[in-house]
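For the sequence shown, full-length UniProt numbering gives the first residue as 1, with consecutive numbering after it.
Some hints could be false.
Straight-line alpha carbon distances no greater than 30 angstroms define the calculated BS3-like cross-link-like pairs of lysine-lysine that follow [claimed, not checked]:
1. Lys54 - Lys136
2. Lys54 - Lys134
3. Lys112 - Lys54
No wet-lab data here; the hints were simulated from the structure.
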Amino acid sequence: MYELLHERKKIFSLKAFHTGDLVIFKQDSRLICRNNTMQQLLISQYGAALQMLKNAIEVCPEELWTANDLSHAFWKIAYHALHFTNFYLSENEHSFSPWPLHEPGNHQLQQKEGRVYSHEELLQLLQQTEQSLKTKLSLQDMRASSGFEWLPMNKAELHLYNIRHLQHHVGQLVERLHYAGITGIRWVGRQELH
């Protein structure tokens, strides 16, 4: 039971209060009042970018998946994008848990050695990312600091930064597919995640 006080007088008690986009709950002995609209917008845009990445992974032929004739293989860019999407969805660098199949350095584009992840493996990671989005975002205060000292911004701007990074690499991959004659990868403007 939580009490909302004004000038030390109890206004009302609650376990949690929710109406429309307004949520009030207790966290670490603080009463939090949050507007969920920002989280809903971010979930939609993360979902759209992840759907476009999924579409690109699904149509990528094996010879393009591992080709190193350009600066980085297709799979490497896809994994890099997914790894950092998950990294910046964490509260901070210390709370981040890498994917169980992660090999040290494999997320860095400049590293050429390492295990090649399959289409199926990266699609599983993508699905796990989608499934964790709502939970991770709903627990974050968008006005709080990013949690990453090298990114001096609040959580809301961090998520915009993260979506831009993800979409940048999705654009690279779609361009590679077009160059290989594979077209029809559709633009996804927003996405409802279930």
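Against the structure, the hints come out as follows:
{"no.": "1", "hint": "Lys54 - Lys136", "in the structure": "20 angstroms, holds"}
{"no.": "2", "hint": "Lys54 - Lys134", "in the structure": "18 angstroms, holds"}
{"no.": "3", "hint": "Lys112 - Lys54", "in the structure": "23 angstroms, holds"}
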